[in-house]
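**Q** Now for the letters of each chain:
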Amino acid sequence: MPKTITIHREQAVGAAIDKCVHFGFCTAVCPTYVLDAEENDSPRGRIALAKEMLAAGGKPKAATILHLDRCLSCLSCETTCAANVPYREIIDGAREYIEASGARPWTQQAFRTMLAKTLTTPRLLSMANGLARLMPRSMANLPGPIGALAALSTAPAVAALRAREGWESAAPLAAEIGGSSTGASKTGEANSIRRVGLLNGCVQSVLGGEINAAALRLLERAGIAVVELDKGQCCGALELHMGKRRSGAKKSADLVREVSRLLSTGEIEAIVTTTSGCNSVIQHFDEVLADNPELSAEAAKMKAATHDIAVFALELDLPATGAADGACVSYHDACSMTHGLKLTRQPRQLFKQLNFDQRNIAEAHLCCGSAGVYNILQPDISARLGKRKADNASVGDPDVIAAGNLGCLVQISRFTPIPVAHTVQLLDWATGGPPPRGLEGFQPRPLPEPEPVFEAEAPAQESEEAFW
Amino acid sequence: MSVHESIEAFARAVADELGPEAVSLSHEVIDRYGEHTLPAPDTKPGAVVYPDSTQAVQTLVRLANRFKVPLFPISNGQNIGLGTRSPVRAGQVVVDLGRRMNKILEVNEKLGYCVIEPGVSFQALYDELRNRDSKLMMSPTAGPVQGSVLANALDKGGGCGAYADHFGMSCGLEIVLGNGEIIRTGDGALAGDQHPNWHVSKYSFGPFLDGLFSQSNFGIVTRMGVWLMPKPPHIEPFFFTFEEDDSLGEVIDLIRPLKQSNFVPTLIRANNELYLLSSGETNPEYAASAGKRTLSDEGRRALRKKHGIGAWTVSGAFYGASQAALAPNIERLRRHFTASGTGRWIPLDEAEQIGPLHIAISSNTGVPTNNELKMLSWRPGGGIIWLSTGLPMLGDMAAQFQREARRICESNGLEYMLSNVCGPRFARGIHSLIYNREDADEARRADACYRQLADFYASHGVFVGRAPTLYQGFHHDQRMSELNDACRAIKQALDPNGVIAPGKYGIA
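In order, the protein sequences belong to chains A and B.
Sequential numbering of the first sequence, starting at 7, is according to my numbering.
Sequential numbering of the second sequence, starting at 23, is according to my numbering.
Worth flagging that the hints you see were computed from the coordinates, not collected in a lab.
All figures in this text were calculated on a predicted structure; none of them were measured in a lab.
A hint or two may mislead.
Taking lysine-lysine pairs in the BS3-like style, the calculated list, with each CA pair at most 30 Å apart, reads [said to hold, decoys possible]:
#  : chain 1 : residue 1 : chain 2 : residue 2
1  : B       : Lys125    : B       : Lys157
2  : B       : Lys125    : B       : Lys178
3  : B       : Lys157    : A       : Lys358
4  : A       : Lys358    : A       : Lys309
5  : A       : Lys57     : A       : Lys256
6  : B       : Lys328    : A       : Lys309
7  : B       : Lys314    : B       : Lys327
8  : B       : Lys66     : A       : Lys25
9  : B       : Lys513    : B       : Lys178
10 : B       : Lys90     : A       : Lys358
11 : A       : Lys348    : B       : Lys328
12 : B       : Lys66     : B       : Lys125
13 : A       : Lys123    : A       : Lys67
14 : B       : Lys328    : A       : Lys307
15 : A       : Lys348    : A       : Lys57
16 : B       : Lys178    : B       : Lys253
17 : A       : Lys309    : A       : Lys25
18 : B       : Lys66     : A       : Lys67
19 : A       : Lys348    : B       : Lys327
20 : A       : Lys67     : A       : Lys57
21 : A       : Lys123    : A       : Lys307
22 : A       : Lys256    : A       : Lys307
23 : B       : Lys253    : A       : Lys348
24 : B       : Lys125    : A       : Lys393
25 : A       : Lys57     : B       : Lys327
26 : B       : Lys66     : B       : Lys90
27 : B       : Lys224    : B       : Lys157
28 : A       : Lys256    : A       : Lys309
29 : B       : Lys513    : B       : Lys66
30 : B       : Lys157    : A       : Lys393
31 : A       : Lys67     : A       : Lys25
32 : B       : Lys224    : B       : Lys253
33 : B       : Lys314    : B       : Lys328
34 : A       : Lys25     : B       : Lys314
35 : A       : Lys25     : B       : Lys328
36 : A       : Lys307    : A       : Lys348
Label-pair distances were calculated between CB atoms; the ranges are [unchecked claim]:
#  : chain 1 : residue 1 : chain 2 : residue 2 : range
37 : A       : Ala68     : B       : Gly377    : 39 to 49 Å
38 : B       : Pro42     : A       : Asp75     : 18 to 28 Å
39 : A       : Glu455    : B       : Lys132    : 20 to 30 Å
Positions of the beta carbon are idealized from the N, C-alpha and C atoms, including for glycine.
Could you put together the complete structure from these sequences and hints?
**A** Put into structure tokens, the structure is as follows:
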């Protein structure tokens, strides 16, 4: 294990730090600063701590680790920053430095390693999830990460988003692609012109099977042939956020190689994601894979070819069946969607097209507290943010709370009885798929009357006095 | 007792009376509250205190009088380019009202107003109205969405839409005076606890005192009524653009009748291209001259071409029943602005494709946005000063002012960026002086530019409005001494020990 990060990475982080000119817009939108108003739990405070840590060298102080660990990496600060400080580079670099320094107690290191391994390995996650379901519910009341894991495993969304039998596709899965060594499989019409890959996500493939199934149904309905990538293939995002750059970047590289092969052989023309956290990291693969120059062209190709389902679906012909007409959707902008991918308009446009009654929610800039493994490692802050988000999202008693990210849905569902659903589940439902769990009894509502046309003509001549 | 000892004793007393969470002497906190964007060193406070109620503010003022410690109240501290969170003088104790006094106390749907504490931000008020499914809309600024609605009004900040005069739309204040007494203005002053007219009637028995507490230091405002407009069924933003720098005179003359007749209900902005485009661009020639020269005319033309706008762009909005109902108004406006052949209409669907115009679309439809402040990265180094002058709505004068102000900016190697916020008779001229604060020479030129511009305008009888803390003493000294004496006398009467922000707007 190296004790430092590479010189060029450290220089890049230093250059990013130097861009901060202390305007201070970021503090007011930083979730942890909003909660506790602690300067060292604000972006500026963390930037100062990272700067001091890199300048001092050696093992970082415990207080530095504490405050940097409390960052959600939501990037609300980056969106707000008027000086365009690339905060993501700073926090990722600082975390990489902390991990490489070996400053954490061994128990913490071991837990973090086990957590990363379990979450990014679908087989292990399935087993862990099965065991968690056997645990008494009272374990959710335990303090710290163990209690948090227990609470998450019993979150209503975990049950609501589980894959269900018989709805994976309108047609049985087609045969595997000839010559593929990945286990990738395809579905859709045999004569489809468009063929895309679906990134199903390491965690989502286990805990959000229904999300992937909804995406498959939707794409198939639009005549798109879908190649599912190797089940649970990880993009590396989770480990990269934890500062485990080496193992995270290795997973990123593996994914780039696989996708590049499918793209270059023409087996797919694009990658579609329903995991916005993954896509927001894929959009930075050039930087993540900077130490693998041989992959730079492939990484760039993958970046350009990867689209969130909300972007991809806008191009499709998907008429509404009327089943979801008038359903009131409180839409939560996942941080990876709004700050990472800058996608806020597209999901709303789709909801409008498909006759949903879409509502925005207050404090849209604040994270729900899910943030990868944050709700396991920082359960207290996470729970306060989760409750705040759920309260805001529940205003007006919507039929469903939607988001483009599994983590947000699981987190929000812990604090509200209102059903939650991924954006793609709602798109699927409105165009012929099953209703998301919790919405089975929904009755379509009449749509508002179109706006009346107002006939009036402008006068032929204008003058200063004419405006009376 | 030394100043330092006084502040420490004050802090101990605050912790005793209001709890330890109500005060901070931490270096990190003090350093960050001292930061600003003006061409001078940071101005560090002596401490930072966080009251949670009007009574807590009263306690702070009483303790400040006892320990002879000067206070500097802020709301959300988003006054970027005007001082941020830093006090007007180093060592003053910042009273951060926004952290704990951030409640929306009332939203009155029938009468169309809200009552707020200092920490209520534009975003928070917007969210609250949306959450309530309110029939009311707010007037946002183009400034930070986390900025304080109350403080913006008190500092005579402007907004967008028909209720853009934020101080004019405030009604009824609660104030802790410098002597520690609490007063309610307007009908709120009636003895008793029933005040149905407090936030609906601006004028009541006796003198109108509210104005005394705008841009001043006579008291700390802890509550304000703010009028809100019923949300129209449809809002139709409009845009026109004019190719030449010298078109400003024509633009101002064309806007005047639209506002005097109230044909256009919103304020109309006439922004030059760099004011608009800097929100989406960085200075492409900065590196070549190391920031010593202003962007060339060729560079400006290239940016205009890239974004499809001219030297001056006009924006505003109509309110009505539907888009179709407003189509004749848009048509009348199109004829009006394009009659001479120099102006061009930018249809809304085209404007929606021009990133920098999204700011006006959001603001005029009542949605707060931070995007205008992306202009701060036009040059590196984080320096910005706002100079707020103004002019009568007369084209000749506007044309003359823009030529000379442009020359002054260029002679200091800075870009001329101006937004004219136009009403029926007066246009507030907001100059954005963006510079590299980390470059001593550039900071010196920015300071010189500000002073030269202010002197130029003053020589033509034009004063400033809202001013950065660094220049408040300078502007105070531009004013007739008799008025300054009157302000001093009021200060003496309401704050005899001078504990509230001595030096703010020059009043001590």
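**Q** Next step is simple, just say for each hint if it's right about the structure.
**A** The hints, checked one at a time:
| no. | hint | verdict |
| --- | --- | --- |
| 1 | Lys125/B / Lys157/B | holds (20 Å) |
| 2 | Lys125/B / Lys178/B | holds (21 Å) |
| 3 | Lys157/B / Lys358/A | holds (21 Å) |
| 4 | Lys358/A / Lys309/A | holds (28 Å) |
| 5 | Lys57/A / Lys256/A | holds (27 Å) |
| 6 | Lys328/B / Lys309/A | holds (26 Å) |
| 7 | Lys314/B / Lys327/B | holds (24 Å) |
| 8 | Lys66/B / Lys25/A | holds (22 Å) |
| 9 | Lys513/B / Lys178/B | holds (20 Å) |
| 10 | Lys90/B / Lys358/A | violated (60 Å) |
| 11 | Lys348/A / Lys328/B | holds (22 Å) |
| 12 | Lys66/B / Lys125/B | holds (28 Å) |
| 13 | Lys123/A / Lys67/A | holds (26 Å) |
| 14 | Lys328/B / Lys307/A | holds (27 Å) |
| 15 | Lys348/A / Lys57/A | holds (28 Å) |
| 16 | Lys178/B / Lys253/B | holds (23 Å) |
| 17 | Lys309/A / Lys25/A | holds (26 Å) |
| 18 | Lys66/B / Lys67/A | holds (27 Å) |
| 19 | Lys348/A / Lys327/B | holds (26 Å) |
| 20 | Lys67/A / Lys57/A | holds (13 Å) |
| 21 | Lys123/A / Lys307/A | holds (28 Å) |
| 22 | Lys256/A / Lys307/A | holds (18 Å) |
| 23 | Lys253/B / Lys348/A | holds (28 Å) |
| 24 | Lys125/B / Lys393/A | holds (19 Å) |
| 25 | Lys57/A / Lys327/B | violated (41 Å) |
| 26 | Lys66/B / Lys90/B | holds (18 Å) |
| 27 | Lys224/B / Lys157/B | holds (23 Å) |
| 28 | Lys256/A / Lys309/A | holds (17 Å) |
| 29 | Lys513/B / Lys66/B | holds (24 Å) |
| 30 | Lys157/B / Lys393/A | holds (27 Å) |
| 31 | Lys67/A / Lys25/A | holds (24 Å) |
| 32 | Lys224/B / Lys253/B | holds (22 Å) |
| 33 | Lys314/B / Lys328/B | holds (24 Å) |
| 34 | Lys25/A / Lys314/B | holds (20 Å) |
| 35 | Lys25/A / Lys328/B | holds (26 Å) |
| 36 | Lys307/A / Lys348/A | holds (20 Å) |
| 37 | Ala68/A / Gly377/B: 39 to 49 Å | holds (44 Å) |
| 38 | Pro42/B / Asp75/A: 18 to 28 Å | holds (25 Å) |
| 39 | Glu455/A / Lys132/B: 20 to 30 Å | holds (27 Å) |
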